[in-house]
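**Q** Make the full structure from the sequences, and use the hints.
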Amino acid sequence: MNTNQIHKAMMVLALSTSFAAVAADSAVTDSDRIEQYREMISDGNPAEFDEMRGEELWKKAAGPNKVSLEQCDLGKGAGVVKGAYSELPKYFKDTKKVQDLESRLLTCMTTLQGFTEDEITAKPFASSKKPSDISSLATYVVGQSKGIKMAVSTKHPKVKESYEIGKRIFNYRAGPYDFACSTCHATSGVRIRMQDLPNMRSSKKDAQIAYTGWPAYRVSQGLTRSFQWRLNDCFRQQRFPEPKFASEATIALTTFLAVNANGAEYVGPGLKR
Amino acid sequence: MGNPMKIRATAKDGVTEVKILMQHEMETGLRKEADGTLVPAWFITEVKAQYQGRTVLDGQFGQSISKNPYLLFRFKGGAVGEKIAVSWVDNKGDSRTDEATIAA
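Going line by line, the protein sequences match chains W and L.
Heads up, the first sequence is in the working numbering, so the first residue is 1 and it goes up one at a time.
Heads up, the second sequence is in the working numbering, so the first residue is 274 and it goes up one at a time.
I should point out that these hints are in silico values taken from the structure, not numbers from a laboratory.
Among these hints, one or two may not hold up.
Think about it this way: if two alpha-carbon atoms lie no more than 25 Å apart in a straight line, the pair counts; the simulated BS3-like pairs of lysine-lysine are [stated by the list, open to error]:
id : chain 1 : residue 1 : chain 2 : residue 2
1  : L       : 365       : W       : 130
2  : W       : 123       : W       : 60
3  : W       : 167       : W       : 204
4  : W       : 167       : W       : 155
5  : W       : 76        : W       : 97
6  : L       : 279       : W       : 146
7  : L       : 292       : W       : 146
8  : W       : 82        : W       : 60
9  : L       : 279       : W       : 272
10 : L       : 292       : W       : 272
11 : W       : 60        : L       : 365
12 : L       : 356       : L       : 305
13 : L       : 305       : W       : 129
14 : W       : 205       : W       : 149
15 : L       : 305       : W       : 123
16 : L       : 292       : L       : 356
17 : W       : 244       : W       : 97
18 : W       : 146       : W       : 272
19 : L       : 279       : W       : 130
20 : W       : 129       : L       : 365
21 : L       : 279       : W       : 82
22 : L       : 279       : W       : 129
23 : W       : 59        : L       : 349
24 : W       : 155       : W       : 123
25 : W       : 158       : W       : 93
26 : W       : 130       : L       : 305
27 : L       : 292       : L       : 349
28 : W       : 149       : W       : 60
29 : W       : 158       : W       : 244
Listed next, with one range per pair, are the computed distances between beta-carbon atoms [as the list claims (entries may be wrong)]:
id : chain 1 : residue 1 : chain 2 : residue 2 : range
30 : L       : 311       : W       : 161       : 48 to 54 Å
31 : L       : 333       : W       : 56        : 30 to 36 Å
32 : L       : 309       : W       : 36        : 35 to 41 Å
33 : W       : 192       : L       : 306       : 49 to 55 Å
34 : L       : 374       : W       : 56        : 20 to 26 Å
35 : L       : 307       : W       : 173       : 31 to 37 Å
36 : W       : 94        : L       : 309       : 47 to 53 Å
37 : W       : 172       : L       : 277       : 44 to 50 Å
38 : L       : 277       : W       : 78        : 25 to 31 Å
For each residue, glycine too, the CB sits at the ideal point set by N, CA and C.
**A** Listed below in structure tokens is the structure:
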């Protein structure tokens, strides 16, 4: 992580909060101020640059087969991007698997474009040195579901099964810290540092806000982060072994979180501290 | 040649509001790599906005501005359908100019 960028982000935060404090009464909490800060910079979200990059990559012929991804089926038919993210994860007949957005993109990049899976999964996340194609593609696709309500169906038994596995992973305590996702995300009104922690077990609203804000641009990292990255980092913070990119476990957890967010309007790509 | 900016401009009651999102690393020159070598400074030094050949904003940027800077300003005048041009120059001599049409 880049300390310098954090300092700068903090400074912007400090400035914006002090302005807010003058106008507001004492009932304004820190999280209200963070919300104000988010609003101030929300129409200048640098995630848009990643969306632009992703759109170009989507349309560009690439890989050994020299084809674009415009024939990629994200669940709503070949090439349909609009609203696709609001219905993922979903069961796909061709792969006989429940897939989230990133694993589906991986399928398209390997089957259509001819990349090998290892080429993509070796470094699936962006860094300050090198952007990630699959991550940018994901940012573009999610942007096309903006304003659309989350509607992940659990009608298919495989999706239902994935949801149940995800629920178990969410509550599964392990690792050197005896940690689970639910250790931090199953109580209302708690926070870590300045961030309110969403209660994703029993608050529908919290679960919706948390899910629909990702993928997001992280101001402190200067990068747009995908949902697979979010989960990967959650596991790292819990001191779990690093999950394989687009593995069944991450997809199951995504299914659990996505289904819980059903009914909420997708608002991403978001913006985080 | 830098990366494109995102510019949105809206005119209302004789005032034009311009929102600019620039794509730039904005390296301070104080940060070090893991091996201890200094990351060279690389940041925008000047930002200029022009409307019909008239400079409506002329600013100096420095290291304290964050990566991918966002800038909002307003100026008197400006009509819907007219163009606003924004350009920046960085300390490596690179520059970028983008245009946007003022919307209602």
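**Q** Checking against the hints above, which ones are violated?
**A** Violated hints (numbers, rising): 11, 12, 23, 24, 28 and 33; every other hint is consistent with the structure.
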